[in-house]
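S.K.: The listed protein sequences derive, respectively, from chains A and B. Here the UniProt record's numbering is used: the first residue of the first sequence is 1, the next is one more, and so on. Here the UniProt record's numbering is used: the first residue of the second sequence is 1, the next is one more, and so on.
Just so you know, not all the hints are guaranteed correct.
[To be verified] Cβ-to-Cβ under 7 Å is the rule here; a few derived chain B residues that face chain A: (1) M1; (2) T2; (3) S9; (4) G12; (5) L40; (6) S51; (7) W53; (8) G56; (9) L75; (10) V100; (11) R125; (12) G137; (13) F142.
In short, the hints are calculated from the structure, not lab data. We put the beta carbon where it would ideally sit given N, CA and C, even for glycine.
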Amino acid sequence: MQRIIAGFLAGLTFGAGLVVAGMSNPLKVQNFLDVFGNWDPSLAFVMGGAILVAAPFFRLARFLPRPFVADDFRVPTFQQIDKRLIFGSATFGAGWGLIGLCPGPALVSVSLLSPQAIVFVLCMTAGMLFARLVASLSMRRALKEA
Amino acid sequence: MTEFTPYASLAGGVLIGLSTVILLLANGRIAGISGIYSRLFETGPLANGKSAWVHGEKGWQLSFVVGIVLAPLLLMAGGFEIEQVFTGDLTLIAIAGALVGFGSVFGSGCTSGHGVCGLSRLSVRSLAATVTFMSVGIAVVFVLRHVVGG
């Protein structure tokens, strides 16, 4: 139960942060990406602010035996830069540029109930499930060959 | 045009950082939205046969997503105005949504997981991902606004 409450508080804070920062407005995100035109550099402050706050705690977490309400820390240790990472990130970047929404702001938009937000989230969800399917199929094939 | 809002954006960023810290210190997990949201759709019990909703990760993952969805409603109830302007039609929105969904899961992260958490951990892998999606995003907006729409 404590983990569920912590998750909820983190979600509320995250969602509020996205809205306050202006990331829930696709036009503002596109203006941030439009560095050769009407550049609005505001969103650099979002990532900067978030990293400034979070970075010291990621360092601190290394010295803690365990999290407050869970059994273990699960922080990725994988460091390899592979084709999947680059292809996936490039595809994500293309969609992000086309409309100006990434997954967090898309979920924030759901409660505004606009047809645009709903269509975006439905298609995003389908894309995510398809990616999970492709990834699990290729992993199965790799296991068979090994 | 949108207004340059360094203070509001910095404040929003601080809140996002705070959320990341809550999830890390309390639950020991990374606040990567594409990973958390997409895993909600994986079905089945844990390896030991217990419910993933009660004993596994699903419970907090769902409450995290519910928190994100409720946040704007709370802000609006408090008198905050939320502006949302889309520049494309529904077809373009559908295509973009599918690309964002597929790409973020296939590339193991989005702006939150790679951009915020990854860079905070000084992960080279996340840096490569962030540079890639930012550059492609910039290139796509350049083409949309200054080549096709110019």
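S.K.: State for each hint whether it applies.
M.R.: These are the hints, each one checked on the structure:
For M1/B, the shortest C-beta to C-beta distance to chain A is roughly 6 Å, which falls under 7 Å, so the interface hint holds. With 7 Å as the threshold, the beta carbon of T2/B comes within range of chain A, its nearest partner Cβ sitting at about 4 Å, so the hint holds. At about 4 Å, the closest approach between the beta carbon of S9/B and any beta carbon in chain A falls short of 7 Å, and the interface hint on this residue holds. The interface hint given for G12/B is met, as the beta carbon of that residue sits about 2 Å from the closest beta carbon of chain A, less than 7 Å.
Checking L40/B against chain A by beta carbon gives a least distance of about 9 Å; that is not within 7 Å, so the hint is violated. Violation of the interface hint for S51/B is found here, the shortest Cβ-Cβ separation to chain A being roughly 13 Å, above the 7 Å cut-off. Because the closest C-beta pair between W53/B and chain A is about 10 Å apart, greater than 7 Å, the hint is violated. The interface hint given for G56/B is violated, since its Cβ lies 10 Å from the closest Cβ of chain A, which is over the 7 Å cut-off.
Given the 7 Å rule on beta carbons, the hint for L75/B holds: about 6 Å separates it from the nearest Cβ of chain A. A distance limit of 7 Å between C-beta atoms decides the matter here; for V100/B the minimum to chain A is near 4 Å, and the interface restraint holds. Hint on R125/B holds. Least Cβ distance to chain A is approximately 5 Å, under the 7 Å limit. At a threshold of 7 Å, the smallest CB-CB gap from G137/B to chain A is about 4 Å, leaving the interface hint in force.
Interface hint at F142/B: satisfied, since its Cβ lies 6 Å from the closest Cβ of chain A, which is below the 7 Å cut-off.
Of the numbered hints listed earlier, those contradicted by the structure are 5, 6, 7 and 8.
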